[in-house]
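Protein chains: 2
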Amino acid sequence: MSIEQALYERALIYGEDSVRMTAAAGAGHPSSALSLVHIVSALFYRMRHDPENPWNTLSDRLVLSEGHSVPVVYAAMAEMGYKIGKSPRAARALTREDLLSLRDLASPLDGHPNPVLGVPFFDTATGSLGQGLSNANGLVLGNRVRGLRRKIYCIAGDSEVREGQYDEAMRFASKYRLEVILILNVNGYGQSGATKELMPMDYRAELQARRWQVLEVDGHDVSQLLAALDRANEVQGSPVAILANTVKGWGVGALQKGNPHGKPLSPAEVEKAVGELRTLSRSSTGRLRPQKPDERTTRWLRDESGLPVPNFAALDKDFAQKGKMAPRKAYGYALRELGKVNEKVVVLDAEVSNSTFTVYFRDAFPERFFECAIAEQNMVGVGGGLAASGLVPFINSFGKFLVMGYAQWEMNGQSGLNIKAVGSHVGITPCSDGPSQMALSDVPYMMSLPGIVVLSASDAVQGYQFVSLAAAHEGWMYLRNYRPDMPLLYGPDTKFRVGGSNVLQRGDAVTLVSHGYMVHVAKEAAARLEKEKGLKVSLVDAYSLKPLDTETILGCADRTEGRLLTVEDNYAGLGPAVSRAAAARGGYRVEVMAVESFPKSARREKDIFSYCGLSVEDILARAQAMLVK
Amino acid sequence: MSIEQALYERALIYGEDSVRMTAAAGAGHPSSALSLVHIVSALFYRMRHDPENPWNTLSDRLVLSEGHSVPVVYAAMAEMGYKIGKSPRAARALTREDLLSLRDLASPLDGHPNPVLGVPFFDTATGSLGQGLSNANGLVLGNRVRGLRRKIYCIAGDSEVREGQYDEAMRFASKYRLEVILILNVNGYGQSGATKELMPMDYRAELQARRWQVLEVDGHDVSQLLAALDRANEVQGSPVAILANTVKGWGVGALQKGNPHGKPLSPAEVEKAVGELRTLSRSSTGRLRPQKPDERTTRWLRDESGLPVPNFAALDKDFAQKGKMAPRKAYGYALRELGKVNEKVVVLDAEVSNSTFTVYFRDAFPERFFECAIAEQNMVGVGGGLAASGLVPFINSFGKFLVMGYAQWEMNGQSGLNIKAVGSHVGITPCSDGPSQMALSDVPYMMSLPGIVVLSASDAVQGYQFVSLAAAHEGWMYLRNYRPDMPLLYGPDTKFRVGGSNVLQRGDAVTLVSHGYMVHVAKEAAARLEKEKGLKVSLVDAYSLKPLDTETILGCADRTEGRLLTVEDNYAGLGPAVSRAAAARGGYRVEVMAVESFPKSARREKDIFSYCGLSVEDILARAQAMLVK
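Protein chains in written order, with our numbering: chain A, 11 to 639; chain B, 11 to 639.
These are calculated hints, taken from the structure and not from any lab test. From a predicted model like this one, the values you see are computed outputs, not experimental measurements. A couple of the hints might just be wrong.
[Said to hold, decoys possible] In silico DSSO-like cross-links for lysine-lysine, where the CA-CA straight-line distance does not exceed 27 Å:
1) B:Lys-350 with B:Lys-334
2) A:Lys-350 with A:Lys-505
3) A:Lys-273 with B:Lys-334
4) B:Lys-185 with A:Lys-206
5) B:Lys-273 with A:Lys-332
6) B:Lys-273 with A:Lys-334
7) A:Lys-273 with B:Lys-332
Input sequences plus hints: build the corresponding full structure.
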């Protein structure tokens, strides 16, 4: 039997398994999976990969951007005896029997690729459409930084490339001459109709306008697919797209009529479908061995990001002499220092590197700095691919513009990646620019995410030291940096920790809890309360917004008769979190000061604080009022 | 003096004023503004608009996508004696003197366009780059729906069109043959360097690949600009882009050297710059009158969205007979009913209309339904433009994918628009699909936004009636719809209200507060607590998550010795809000149950509830534990 014949037979098995497993799950997308059977069959043969050791760092990688088609990939994995498991030691071979557990609570085979469950074949979670190519771009950059020669493939659905992130990702791949191979599954149908009617798009013209090389094949012709994969692999210094024309529901009549998207078959229909597929079989298939990488390693790149962390305390921190500095600038210095001792640190910026001060890193380590331009969705997704390559990406923009990448950020978190986002110009201090430039939802949004660390810098020492915390902490993290020069609150060697806080002063009247810039405003209010009213308050710098140091905060409040006043320059996030901790314990009274309406422009910071009800006087009045109640 | 001469002279005035006002503000982007002086000069002459009555609904409109260049537009407005004010009655002419108040707290001239402050020239807030063309698309669709013939212009910066939203917006304009005129300010420099080096992009090729007509001009040649605007205005049934090659910092040497982006001049530099500009003047300028629309009206379209609301109680609600139905389906019915009585309702969907049930509306009112395909950023931005046309857009997708449009959503809110977003498939009930399809951050995120209304449907009656509330409420609103069929909790004529809640049962043990699907789980827990433990709890359906009915909730808790237990199937949002209200008053104890880690796939809803610690048994145990403490 020729290789082509064997691959056709395999495709039938993948089809049969896709139909069976989605039926067993009572959910899933068999019609989408069937459109990919020959593509996956050819790709799994052409890829150099290592089913017995999916952690092999030298294996070619596949990002399945159209995550809902994952059954066909699971089927191919089972047919090749792919190992699954959370670690090499706990690995076992995926069986065809396992496939029937698709989407079950006890199964690692989620409805969409989910690497944290123990399917290390996948580097990143996908399923929120439009994101895969950015991940793949990041993996190619990861190869470049780490000197790996593995190939990165990405399979995308035709409807999802309407997502603007694809535009960003295509342009990015072109700029950086990334040798990524995108296989576009042109089956012509989206969930709700014909793709070209839903939104016309000329794939070839658009790709060529972005200087991609474009090949086109019949996506059910294995010979054409193999030839195209060979040609694509020969291309150097350019991304390549293979437009694969396919049939949604290929081989199964019931899955072709009326575009039954995301509809599994009934048991009776399954038998009919399997019968149809089997009539297409011409021979029993022998087992084809995959092509393997030249060498083997047993570590998953994702697990390799453990980092040397510089001893920042020993560094010359000239800024400490100046008495004040913008946290974003101190962050820029620290990032460069980190880059010196840790070659796994990579930095991405969205055309504001001279504002975020990532220019310092860029100039020192140009090969580890990636300008993403004004295209945050792709930037955050590329960060995911870099993190999945065992690198530690710091993703930078104004906090306000990171909102453009929240969907991608959530997927990075779900992928369990060690990744950092850094928002500068946060809060209301970019006052004269007005609300379109102010990050205000970032605090409640980021604090709501599971397992994340959120740190807010109240001075340059924190801005500097938080880079060290970010390097030492394995997981996703959001750092919040301020634009203005701010007086130093801390000595250069002060130690901070994830989950920590600092009590700046202790008193018995009210416990003020704040973070970032507002700590300075609260501090001034505290001084005036003491001087003018004889009231001594406690003041907590809750720099670790998540996890929040509730013990320290409530401990302070225990000495202020349970009175807590939170102050923040963003939509309420700290306040509700402190309230939650206090209300869970009982016996406290918490008042929350936060931005509660849209700001506007103001030339002076004190004006915008007044406008938002967050001035020294406002805090003073509110604290006093709490004592009267 | 010829018209061209007069326009050149005007451009110099705009340049001088741009330099002066940014210097007065000590902030802003004079170099960007200067690159636009001739474009704005020509456009303000070619537009048919009405400076004495900016509310005139028949005036051509300009969306300034590169919002940071706004000083040049303010300058042109002042030169034309444009009226500003929050209403026609409060209007007064903008003066050149006013320009010097740029970015001041007391000034309506924010650092970026901000229509809510009383500058009705602008329809939408801009400044978060990349969003303007979507707004403009929405305005053109608004023309179409409302039968207006005004022209819609959009000025974009060259760096910002790297934002993937531009890709989405360009494709959308092409599909719908929108006669939008995009003027691309190709000054070649972004904030941190040369645009083509930061991220290469072939504007002409990319636009043509998306079937746009493309013109190219010297952006400082008024004759070429006028000719291009004339040609663009003649094009029918297609979007047109005018590539205008410009010089950043045109006319002022100090603003051309080294790309001083966002840097105002010092007073000494201002005088030098003004001197340079004045040497370019050849004559004193006469005042050119703008071309006016044929007719005049005195209402701003934005203010016209007052809506007839159907008497839903009088409608035949067949679903009420069935005992259960998915809220999303009832929503689909209601939306169609609303469409029948209110011609201002328009609906947008991102290729999931058969899941969100907007198909009902689409089939009934195809001319008011806009398929946006898988491109949520543009969809949310188009919604902004439609709302600014006095229409009432309902923006639809899975709640999870609306995250892709959060940046645009925030700008819609800042614009003060009457706009609705509707997320379906929310929470953890899309269980077999897994976390990539679950909207979990939507509740804390949306609840954090100022002035928004957030409603979560706990049954089909609510899913139906909330459409009525959305129609009656002027402002931004987020509706949360569930996928599964859910038993009815309410009779078909039950009335709900923004800021309301429903007490489903009263007891003395614990007050359970929940929303959406979890109300059913909590209800079962309540029944079992009573039956098995003899404990009677209060159960509140807090369907209005924002504003939250804290009086009712705390009132119930007053009768359960202050014990409150919140239950929600999303990252914590209701819990912290209840905690905040309780802790502000004092004397309560609140425990929060929410999704606190990433879910995975599960075939049965009860499995995923257990996995997330939100099962009936979990609630039961937690409520009991509260009584022991």
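Structure-based check of all given hints:
1. B:Lys-350 with B:Lys-334: With Cα atoms ~25 Å apart, Lys-350 of chain B and Lys-334 of chain B stay inside 27 Å; holds.
2. A:Lys-350 with A:Lys-505: holds, 21 Å
3. A:Lys-273 with B:Lys-334: Satisfied, since the Cα-Cα distance of roughly 22 Å is no more than 27 Å.
4. B:Lys-185 with A:Lys-206: Between Lys-185 of chain B and Lys-206 of chain A the Cα gap is close to 10 Å, so the pair holds against 27 Å.
5. B:Lys-273 with A:Lys-332: Holds: Lys-273 of chain B and Lys-332 of chain A sit about 24 Å apart, inside 27 Å.
6. B:Lys-273 with A:Lys-334: holds, 22 Å
7. A:Lys-273 with B:Lys-332: holds, 24 Å
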